[in-house]
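Novice: Sequence:
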Amino acid sequence: MQKRLVSGIQPSGTLHIGNYLGAIKQWVDLQNDYDCYFFIADYHALTQKPSPHKFREQTLQTMAMLVALGVDPKNCILFVQSQIPEHAELNWLLSPFATVGQLRRMTQYKEKSDRHGQNIGLLTYPVLMAADILIYDAEIVPVGEDQVQHLELAREVARAFNAHPGATFTEPKPLLTKAARIMALNDPKRKMSKSVPGSAIGLLDDEATVTATIRKAVTDSDPNSNKMSPGVANLFTILEGFSDEKTFKQFESKYRDGQLKYSELKEQLIEDVLSFLAPVQKTYKNLLEHPDKLERIIREGTAKARPIAIAKLQTVKKNLGLLAL
Numbered sequence: 001m002q003k004r005l006v007s008g009i010q011p012s013g014t015l016h017i018g019n020y021l022g023a024i025k026q027w028v029d030l031q032n033d034y035d036c037y038f039f040i041a042d043y044h045a046l047t048q049k050p051s052p053h054k055f056r057e058q059t060l061q062t063m064a065m066l067v068a069l070g071v072d073p074k075n076c077i078l079f080v081q082s083q084i085p086e087h088a089e090l091n092w093l094l095s096p097f098a099t100v101g102q103l104r105r106m107t108q109y110k111e112k113s114d115r116h117g118q119n120i121g122l123l124t125y126p127v128l129m130a131a132d133i134l135i136y137d138a139e140i141v142p143v144g145e146d147q148v149q150h151l152e153l154a155r156e157v158a159r160a161f162n163a164h165p166g167a168t169f170t171e172p173k174p175l176l177t178k179a180a181r182i183m184a185l186n187d188p189k190r191k192m193s194k195s196v197p198g199s200a201i202g203l204l205d206d207e208a209t210v211t212a213t214i215r216k217a218v219t220d221s222d223p224n225s226n227k228m229s230p231g232v233a234n235l236f237t238i239l240e241g242f243s244d245e246k247t248f249k250q251f252e253s254k255y256r257d258g259q260l261k262y263s264e265l266k267e268q269l270i271e272d273v274l275s276f277l278a279p280v281q282k283t284y285k286n287l288l289e290h291p292d293k294l295e296r297i298i299r300e301g302t303a304k305a306r307p308i309a310i311a312k313l314q315t316v317k318k319n320l321g322l323l324a325l
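The sequence shown runs 1 to 325 under full-length UniProt numbering.
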């Protein structure tokens with residue numbers, strides 16, 4: 001029997017190849033080996049106070065992109081967080097089992113509060129994340145280095161609840177993913193960001209934009225150094241994500257032998273990235289042109305996930321001694 005795995009992504013209309021290689025590609029691979037519950041975390045995104053006029057559109061765009069990239073609703077349960085209000089209700093029921101001190105120690109709270117202000121949503125974000133995970137009795141949660149702290153809080157909340165009022169939740173275990181960390185093409189010391197010109201390759205970028213961005217990518221900052229520069233290492237990471245193994249090893253060999261021309265590396269990258277993006281963009285466009293298909297995917301995902309969430313919430317309420325009339 002496959003172990004249950006839960007993971008979410010916030011809605012965005014500007015996903016880039018870093019989002020794909022760093023997270024979504026793992027979803028595509030994991031859906032074949034686990035009982036996967038994947039969701040768009042629109043409740044979480046509210047902590048950044050998104051524009052209401054764009055928010056719904058971004059949620060649908062993200063769903064379309066996930067499907068276009070290979071997240072298959074037939075191989076996983078794919079849904080939108082806000083369509084299952086039990087997540088938010090469990091968030092409140094779990095809140096007495098986390099402390100303000102625990103929440104203030106979260107590294108991401110410190111970083112994000114500098115940008116978005118110290119709102120309560122940012123502070124309690126990890127409790128909602130715990131609810132997202134525990135409501136499905138997830139056994140496995142894929143996490144990168146920046147999410148380990150949040151998952152540990154979810155484990156602590158589960159232990160605290162299981163100690164009082166009693167055994168209720170499965171304590172999730174981390175699946176430390178070897179996700180690629182894609183850096184900015186124009187500044188490999190920073191993370192790739194679509195909001196910075198020249199930094200990222202968007203999943204919806206046209207051929208001219210992709211070509212220009214890759215050709216301008218930073219390579220060696222010190223041509224006399226024997227160590228691979230961050231810029232070149234970043235290009236190789238991207239190449240590994242989009243090229244076949246034979247091509248990747250050929251370029252690795254050229255680099256080791258001192259025969260690599262960065263212009264050749266970039267042209268290969270352009271070819272492979274464009275080859276990957278063409279069918280993705282076609283499927284994405286088709287889904288957005290037929291919103292009934294997207295809405296059907298969301299409704300079907302909700303219909304599969306919500307009964308499980310409702311049943312778990314009923315158990316939680318019973319164990320807490322809440323009335324069930």
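Derived by calculation from the structure, the hints in this document are not laboratory data.
Heads up, some of the hints might be wrong.
Derived BS3-like pairs: lysine-lysine, alpha-carbon spacing no greater than 27 Å straight-line [to be verified]:
id, residue 1, residue 2
1, K173, K254
2, K189, K227
3, K249, K191
4, K304, K194
5, K25, K317
6, K191, K74
7, K282, K266
8, K173, K189
9, K266, K249
10, K293, K191
11, K285, K194
12, K194, K216
13, K191, K216
14, K318, K25
15, K74, K246
16, K254, K216
17, K173, K3
18, K261, K249
19, K246, K227
20, K246, K266
21, K216, K173
22, K74, K318
23, K74, K3
24, K194, K318
25, K191, K266
26, K285, K173
27, K74, K249
28, K317, K266
Label-pair restraints from in silico Cβ distances [claimed, not checked]:
id, residue 1, residue 2, range
29, P279, P165, 24 to 34 Å
30, F55, D137, 21 to 31 Å
31, E152, K3, 18 to 28 Å
32, A167, D146, 54 to 64 Å
33, P85, N119, 47 to 57 Å
34, Q48, D257, 45 to 55 Å
35, D72, L325, 35 to 45 Å
36, K54, L323, 37 to 47 Å
37, R215, S193, 27 to 37 Å
38, K246, F55, 50 to 60 Å
39, T107, T14, 43 to 53 Å
A virtual CB, placed ideally from N, CA and C, is assigned to each residue, including glycine.
Novice: Indicate, hint by hint, whether the structure satisfies it.
Specialist: These are the hints, each one checked on the structure:
1. K173 with K254: Violated: K173 and K254 sit about 41 Å apart, past 27 Å.
2. K189 with K227: 16 Å, holds
3. K249 with K191: Judged against 27 Å, a Cα distance of about 25 Å means the pair holds.
4. K304 with K194: 34 Å, violated
5. K25 with K317: 37 Å, violated
6. K191 with K74: Given that 27 Å is the threshold and the Cα spacing comes to 33 Å, the pair is violated.
7. K282 with K266: Measuring from Cα to Cα gives roughly 24 Å; hence the hint holds.
8. K173 with K189: Violated: K173 and K189 sit about 31 Å apart, past 27 Å.
9. K266 with K249: Cα-Cα ~15 Å, so holds.
10. K293 with K191: 34 Å, violated
11. K285 with K194: Holds, at about 20 Å.
12. K194 with K216: Holds: K194 and K216 sit about 15 Å apart, inside 27 Å.
13. K191 with K216: 17 Å, holds
14. K318 with K25: Violated - the C-alpha atoms of K25 and K318 are around 39 Å apart, more than 27 Å.
15. K74 with K246: Given pair K74, K246 is violated - Cα atoms ~31 Å apart, limit 27 Å.
16. K254 with K216: 21 Å, holds
17. K173 with K3: With Cα atoms ~11 Å apart, K173 and K3 stay inside 27 Å; holds.
18. K261 with K249: 15 Å, holds
19. K246 with K227: 23 Å, holds
20. K246 with K266: 17 Å, holds
21. K216 with K173: Judged against 27 Å, a Cα distance of about 42 Å means the pair is violated.
22. K74 with K318: Violated, at roughly 33 Å.
23. K74 with K3: Between K74 and K3 the Cα gap is close to 17 Å, so the pair holds against 27 Å.
24. K194 with K318: 46 Å, violated
25. K191 with K266: 19 Å, holds
26. K285 with K173: 37 Å, violated
27. K74 with K249: 34 Å, violated
28. K317 with K266: Not OK: K317 and K266 at ~57 Å, beyond 27 Å, violated.
29. P279 with P165: 24 to 34 Å: About 51 Å separates the Cβ atoms of P279 and P165, which means 24 to 34 Å is violated.
30. F55 with D137: 21 to 31 Å: Hint holds: Cβ distance 30 Å, inside 21 to 31 Å.
31. E152 with K3: 18 to 28 Å: 19 Å, holds
32. A167 with D146: 54 to 64 Å: Once the Cβ atoms are compared, 31 Å apart, the range 54 to 64 Å for D146 and A167 is violated.
33. P85 with N119: 47 to 57 Å: Violated: the Cβ-Cβ distance is about 21 Å, outside 47 to 57 Å.
34. Q48 with D257: 45 to 55 Å: 47 Å, holds
35. D72 with L325: 35 to 45 Å: 41 Å, holds
36. K54 with L323: 37 to 47 Å: Given range 37 to 47 Å: holds, Cβ gap about 40 Å.
37. R215 with S193: 27 to 37 Å: 19 Å Cβ-Cβ, so the 27 to 37 Å window is violated.
38. K246 with F55: 50 to 60 Å: 43 Å, violated
39. T107 with T14: 43 to 53 Å: Taking Cβ atoms as reference, T107 and T14 lie about 24 Å apart, which means the hint is violated.
Checked against the numbered hints above, the structure breaks hints 1, 4, 5, 6, 8, 10, 14, 15, 21, 22, 24, 26, 27, 28, 29, 32, 33, 37, 38 and 39 and satisfies the rest.
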